[in-house]
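Residue numbers (the working numbering), protein chains in the order written: chain Z, 1 to 359; chain V, 1 to 424; chain H, 1 to 153.
Hints were generated in silico from the structure; no laboratory data involved.
Below are the DMTMM-like pairs computed for lysine to aspartate or glutamate, each with C-alpha atoms no more than 25 Å apart in a straight line: (1) H/K150 to Z/D270; (2) Z/K234 to V/E420; (3) V/K91 to V/E51.
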Amino acid sequence: MLTRGRQWLNQRFHWDDLIGPLKKKTVPIHGLSYWYFLGGVTLFLFMIQVGTGILLLLYYRPGANEAFESVQYIMTRVQFGWLIRSIHSWAANLMILTAFAHMFSVVFLRAYRKPRELTWLSGMLLLFLAMGFGFSGYLLPWNTLAFFATKVGTEITGQVPFIGHRLMVFLRGGEDVTGATLTRFFGFHVAVLPGLTTLLILIHLALVQYFGMSVPPGVETRWKSSPGQVREMKFFPNFALRELMAWYIALGVLGAMAAILPWELGTKADPFAPAPAGIRPEWYFMFMFQTLKKIPAKVWFADGEVVGILVFGAAGLIWTLLPFFDQAGRGRGRKFFMGAGIFALTYIIAMTVYGYLAK
Amino acid sequence: MDTWQNRGIFAARLLLLATALLLCGGRLCAQAQNTCLDCHGALDPPLQLTEQQFSNDIHAQKGLTCASCHGGDPTKADMDAMSKAAGFRGKVERKDVPELCGRCHSDTAFMRKYNPSLRTDQFSQYKTSVHGRLFAKGDTKVAVCIDCHGVHGLRPASDARSKVHPLNIAQTCSRCHADSAYMKGYSIPTDQFARYSSSVHHDALAVRGDLSAPTCTTCHGNHGAAPPGVDTVKNVCSKCHAFQEQMFDKSTHKAAFQSAGLPGCVVCHGNHAISHPSDEKLDAGPQAVCMRCHTPGDACDRARGDMLSGLMRLDDSIKTADKVLGVAESSGMEVSQARLDQDQARDALTKARVTIHSFKPELVEHDIQEGVKIAAKNLQAGQAALAERDYRRKGLGFALVFILMTVLGLFLYIRQMEQEAPKS
Amino acid sequence: MKTEEPARIQPARRRLVEVLLGGGVLGSITAFFYPVLRYLIPPPVADLGSDEVVACKVGDLKPNSSKIFRFGTRPALLLMAADGEYRALSAVCTHLSCTVQYCNDLHQVWCACHNGLYDLNGRNISGPPPRPLGSYAVHVRGDDIVVSRKREG
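Make the full structure from the sequences, and use the hints.
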């Protein structure tokens, strides 16, 4: 029956020609091949998010008066609502973790080099979109922690020179965080960001298909000198089945976390109550938040917070344009960029841990 | 007048004249001309009073001057202001203070011009107070108006800085009443302020900021200050604690206390050092109040025991439900509704404790039953949450088994597939 | 991922793999879709949000009587005054958060804890309460008495 289906498709879409390249796709095998799974796992988690997100949309109501109650309803009344919601919250965090890991693995395996600059660029944009998803989604349950974390986060955005205030008002839908902010964030989270992300994912995947899997520089030179040593496996079905294993394991982890560590509801946000002690952003913003906290109030003549924001902006920009700086490929250039990558990773981890330990 | 020197002298004189005129003019435009402060602002205490200090006084703000109380002519400069012809009387003796203040403050028509809602019976009330009665006999050590309200910088009672603002009254009274040297010769104790400071009312007022909580004047009155009589003290308490009084009135203790001349609430709760009541009052230990009068083993002792055991039963069931809800919460289950309902159970316990004042165990038991029912419902909710948690974990285990099977199956399938056919 | 020498796989081994994989996939897919399908079925209690509550039915209350009901997470008081007009107030006393009650002899709202009194509009008129009680809007919708939050402006 499958052959009949294939024939039907072939008569209309040249099906065999279309999927031919896919069948030929290979994945290089070497000591660091395990890192290749991360991109796929991130994609899988995104698909989980879309699925659970759509399910949540069936019961969630945006609006300061109803949001918290609707999430409470999902957690307590809807059958398995607790499962869908907790999976959505945990997968969000896991997805950003794997996205970061995927990004750093690309840095350390130097996979962003020519000709894959645009793949890196689209990937960095996807990372920013993922963090935007996290920031906008965090507010949606409208609980106290989320409300104040959003307040602080958008406040920091307002410190950007020149455009900061306008940017903040755009994000907040007004001068303060109100129900209007919730509506706006909801729009970003379920329409704007998914649209942009889908587009970028398609571009990102198309580029990956086009260029094939990159190989670390050391392995590359070795294989160039002795082509007999090249080892690859077919993507379909060998790598794909392994990828499926990874996805199943991720699913198991998600289910376990949702059942054993359900995501908490919190208390409903009250804009007039004083901020509780210990407001902090989600962990993926913590390193920036902690850095800004630690910068002295004045750096030379400029406001410390503004300097921090500008430094992070510049760092983000340089990081996004990394492939265009790293043209050399080997020698001292290579050591420098490896060093930069290690520094960035260490800094992020250290500041995140510091942010949680410090009170 | 043509030389530069002459022109300079002329200019200087003009400047001096202008300044003097300005200063005089400025003073004319001030609230009310009060030349007294010109000198007294520069003197040393106790004669010192600066314009700044006097401007805090409500009387100054309403346009009164020094002469309003001390006489004299506030428009004249220097010593001419203290003219006997204009009625200057100098320092007002303590024995003349109440009458002096009363001259305006008891004049309803006069006070209506300034604040129609201010009472004008302070002086007549004062005359009925212990302070007023001793004062009438010639004792000037007792409090007169200025001792509590201050003088020259007098603020209205609603001003939080005023000595007679509710938050400050106890402090003001204690200035004399806690001073054992000053109070020598009077037959009352001087530990009231110390005792009050340890009380639950002081805690509510000074610590929690609840301005409705009682201070000295709430129970003793302010101008007509006197201790409430033995038979009427419960009327004072019942102004807020109405429910307890209703219960007490219908109980056997009312007649018993009356015939024994006992001062109602004070017998068990004290008057100044009213501590937060605990169930230990019903017990048989050092805090016990019932057993001070009753004989161990009699019907009342048994009733006491019943009420106490009922309260402990309810308290226990509330704590048990709290514990289970706590476990459910820390496992991530949603029990916020039950947590809120626990407040109702705690309300029932409070109500039961109030009902003790009826001294009827069956009434207390009724309230306890209500509370126990609510606490039992909440305990059930907590246990249901724990059961749901266990169900979820079982479901997870079930799903994990299949996931593991699939992963293992995939692993073996891949191995099998690659044994039979090469990978690349 | 080592390449092993091609070898004949025992039929028993092949069976095991088939069972594991087939059973695992089937079981896990069931375990995924069962909750999702149950999720899609709306629960019996529809969520009304925190904006309005049906307090009782028309005819439940006589003039000069009241009922305590839940609005959101806190208790509220629905009373029918002697003239037949409905009023809904928050039942949380503004002094120390005891639950207030309607006194049909005083025609006022009373708090048993410290003898606080409020009038029928919720204004604190006597005793310790420092602020009025919050009030809600009451509408009759068919047979239901619906209490809702007051609209701004």
